[in-house]
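Engineer: Take a look at the letters that make up each chain.
There are 2 protein chains.
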Amino acid sequence: MSSSSKLLDQGVDAFASLPGIGRKTALRLALHMLRQPKNDVQFFTESIKGMRNDTQFCKRCHNISETEICEICNNKKRSENKTICVVEDMRDIIAIENTQQYFGNYHVLGGHISPIDGIGPTDLNIDSLVQRVQDENIKEVIFALNSTMEGDTTSFYIFRRMMNLSVKTSSIARGIPIGDELEYADEITLGRSLLNRIPFDSSL
Amino acid sequence: MSSSSKLLDQGVDAFASLPGIGRKTALRLALHMLRQPKNDVQFFTESIKGMRNDTQFCKRCHNISETEICEICNNKKRSENKTICVVEDMRDIIAIENTQQYFGNYHVLGGHISPIDGIGPTDLNIDSLVQRVQDENIKEVIFALNSTMEGDTTSFYIFRRMMNLSVKTSSIARGIPIGDELEYADEITLGRSLLNRIPFDSSL
Numbered sequence: 002m003s004s005s006s007k008l009l010d011q012g013v014d015a016f017a018s019l020p021g022i023g024r025k026t027a028l029r030l031a032l033h034m035l036r037q038p039k040n041d042v043q044f045f046t047e048s049i050k051g052m053r054n055d056t057q058f059c060k061r062c063h064n065i066s067e068t069e070i071c072e073i074c075n076n077k078k079r080s081e082n083k084t085i086c087v088v089e090d091m092r093d094i095i096a097i098e099n100t101q102q103y104f105g106n107y108h109v110l111g112g113h114i115s116p117i118d119g120i121g122p123t124d125l126n127i128d129s130l131v132q133r134v135q136d137e138n139i140k141e142v143i144f145a146l147n148s149t150m151e152g153d154t155t156s157f158y159i160f161r162r163m164m165n166l167s168v169k170t171s172s173i174a175r176g177i178p179i180g181d182e183l184e185y186a187d188e189i190t191l192g193r194s195l196l197n198r199i200p201f202d203s204s205l
Numbered sequence: 002m003s004s005s006s007k008l009l010d011q012g013v014d015a016f017a018s019l020p021g022i023g024r025k026t027a028l029r030l031a032l033h034m035l036r037q038p039k040n041d042v043q044f045f046t047e048s049i050k051g052m053r054n055d056t057q058f059c060k061r062c063h064n065i066s067e068t069e070i071c072e073i074c075n076n077k078k079r080s081e082n083k084t085i086c087v088v089e090d091m092r093d094i095i096a097i098e099n100t101q102q103y104f105g106n107y108h109v110l111g112g113h114i115s116p117i118d119g120i121g122p123t124d125l126n127i128d129s130l131v132q133r134v135q136d137e138n139i140k141e142v143i144f145a146l147n148s149t150m151e152g153d154t155t156s157f158y159i160f161r162r163m164m165n166l167s168v169k170t171s172s173i174a175r176g177i178p179i180g181d182e183l184e185y186a187d188e189i190t191l192g193r194s195l196l197n198r199i200p201f202d203s204s205l
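Keeping their order, the protein sequence lines are chains A and S. Under our numbering, the first sequence has 39 at position 38, and the numbering climbs by one with no breaks. Under our numbering, the second sequence has 98 at position 97, and the numbering climbs by one with no breaks.
Note that these hints are calculated values from the structure, not bench results. One or more of the hints may lead you astray.
Heads up, the list lumps identical chains together, so a pair's fine if it works in one copy or across two of them.
Claimed, not checked - Below, simulated SDA-like cross-link-like pairs (lysine to any residue); rule was C-alpha separation at most 25 Å, straight line:
| id | residue 1 | residue 2 |
| --- | --- | --- |
| 1 | Lys7 | Lys50 |
| 2 | Lys50 | Met150 |
| 3 | Lys60 | Gln37 |
| 4 | Lys50 | Asp14 |
| 5 | Lys83 | Tyr103 |
| 6 | Lys25 | Asn54 |
| 7 | Lys140 | Ala174 |
| 8 | Lys25 | Ala174 |
| 9 | Lys83 | Thr100 |
| 10 | Lys39 | Gln11 |
| 11 | Lys169 | Asp136 |
| 12 | Lys50 | Arg24 |
| 13 | Lys39 | Arg24 |
| 14 | Lys39 | Leu19 |
| 15 | Lys50 | Thr26 |
| 16 | Lys7 | Phe44 |
Just need the whole structure built from these sequences, with the hints factored in.
Structural biologist: What follows is the structure, encoded as structure tokens:
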């Protein structure tokens with residue numbers, strides 16, 4: 002698929018380089034851009050360039066940040082909780098922040114252990130996590146990794162690395178999502194939710 | 002949904018402003034951009050800015066172009082055919098060009114007549130089409146508009162406008178798509194394909 006304009010092709014190629022955007026969608030987006038005022042297109046490209054050039058990763062928790070240490074790490078009240086929530090990706094921080102149920106610090110691993118993809122423990126921010134637990138005198142580490150084989154493996158690896166430290170470790174609860182019907186739940190989730198049942202009054 | 006970084010939010014907003022891109026996808030795209038080398042992001046934004054700023058619409062056929070008159074219009078061999086294919090959108094030109102079955106010129110209307118959306122004949126490039134047919138001594142006008150009520154209405158309106166000119170008008174064939182099974186075809190298409198049947202040997 003190619004048009005009579007090399008510049009249009011270039012714009013289509015740019016959009017098509019994004020993950021999950023095929024060539025037909027890329028063409029639709031490029032033509033949309035052509036119909037926008039020049040100022041809007043300028044604002045669009047500047048927003049993306051600014052985001053890429055003026056952000057960095059927090060030296061402490063590896064979250065995205067505009068300063069060396071991110072806002073969450075700089076928040077003294079949060080650090081007083083002496084709790085670190087371990088997540089795979091900074092996207093998970095946004096999701097957890099949106100719940101407004103967590104007031105401690107975070108640590109972004111940058112992925113999970115996955116031998117098939119050639120990702121071992123040294124490719125993740127695990128050493129710096131163990132270091133932080135010691136340096137910051139952390140009381141509890143909460144594993145909030147994806148509920149997959151790789152996520153569990155990664156949690157278990159970090160758990161083993163911390164066995165000699167006097168830190169409590171916990172994992173977010175696995176179970177039936179709120180609002181779901183039992184008959185559609187898979188057996189493993191349902192089985193686990195029975196095993197890990199909790200006193201009735203605290204489930205409300 | 003908001004992150005701890007205003008710049009990231011801004012990038013997400015930029016992507017979310019694109020048609021068909023929701024906030025979750027926008028976040029995924031923004032985080033993808035954050036992981037790319039700065040040069041790649043620069044190339045991405047420059048491609049889009051360049052496409053918007055350095056293209057224009059061909060003065061003759063209203064196709065996208067990098068010069069006043071587009072490549073297709075500038076091609077003398079094509080103009081010798083004295084044929085104009087009328088399309089709604091420049092996307093249709095790309096689709097037709099990809100078939101490699103058409104060697105004449107084009108004319109982009111910029112949409113179709115649609116009273117519901119407040120688009121009348123004067124909002125489309127119809128006057129310039131009628132003018133071209135006279136000025137360029139065109140022999141045939143092919144309607145390649147969408148096979149919808151609005152497309153048909155637009156074709157008919159232009160047909161009426163040209164009734165007094167000595168120009169042949171034709172429409173691209175409607176029928177069963179190649180590779181489709183009859184039982185899944187809608188009745189109107191099937192009925193039309195029977196009415197407009199063609200000699201067997203020319204259907205191959």
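Engineer: Cα distance capped at 25 Å. Does Lys39 pair with Leu19 within a copy, between copies, both, or neither?
Structural biologist: both (22 Å within a copy, 15 Å between copies)
Engineer: Please work out whether the CA atoms of Lys50 and Asp14 approach to 25 Å or closer within one copy, between two copies, in both situations, or in neither?
Structural biologist: This pair counts as both: shortest intra-copy Cα distance 18 Å, inter-copy 13 Å.
Engineer: Treating 25 Å as the Cα threshold, decide for Lys83 and Tyr103: within, between, both or neither.
Structural biologist: Classified as within: same-chain Cα gap 12 Å, cross-chain 71 Å, threshold 25 Å.
Engineer: At 25 Å max between alpha carbons, let me know whether Lys50 reaches Met150 within a copy, between copies, both or neither.
Structural biologist: neither (36 Å within a copy, 43 Å between copies)
Engineer: At most 25 Å between alpha carbons: which applies to Lys140 and Ala174, within, between, both or neither?
Structural biologist: Result: close within a single copy only, 19 Å intra versus 74 Å inter.
Engineer: When no copy is specified for Lys83 and Thr100, does a C-alpha distance of 25 Å or less occur within a copy, between copies, both, or neither?
Structural biologist: Classified as within: same-chain Cα gap 20 Å, cross-chain 65 Å, threshold 25 Å.
Engineer: When no copy is specified for Lys50 and Thr26, does a C-alpha distance of 25 Å or less occur within a copy, between copies, both, or neither?
Structural biologist: both (22 Å within a copy, 18 Å between copies)
Engineer: Evaluate Lys7 and Phe44 at a C-alpha cut-off of 25 Å and name the case that applies: within, between, both or neither.
Structural biologist: For Lys7 and Phe44, both the intra-copy (23 Å) and inter-copy (15 Å) Cα distances are at most 25 Å.
Engineer: Taking 25 Å as the upper bound on the Cα-Cα distance, should Lys7 and Lys50 be classified as within, between, both, or neither?
Structural biologist: both (23 Å within a copy, 13 Å between copies)
Engineer: Up to 25 Å between alpha-carbons, please classify Lys39 paired with Gln11: within, between, both or neither.
Structural biologist: both (17 Å within a copy, 18 Å between copies)
Engineer: Using 25 Å as the alpha carbon limit, work out where Lys50 and Arg24 are close: within a copy, between copies, both or neither.
Structural biologist: both (23 Å within a copy, 19 Å between copies)
Engineer: Is it within, between, both, or neither for Lys39 and Arg24, if the alpha carbons may be no more than 25 Å apart?
Structural biologist: Classified as both; 23 Å inside a copy, 23 Å across copies.
The structure is inconsistent with hint 2 alone, although it conforms to all the rest.
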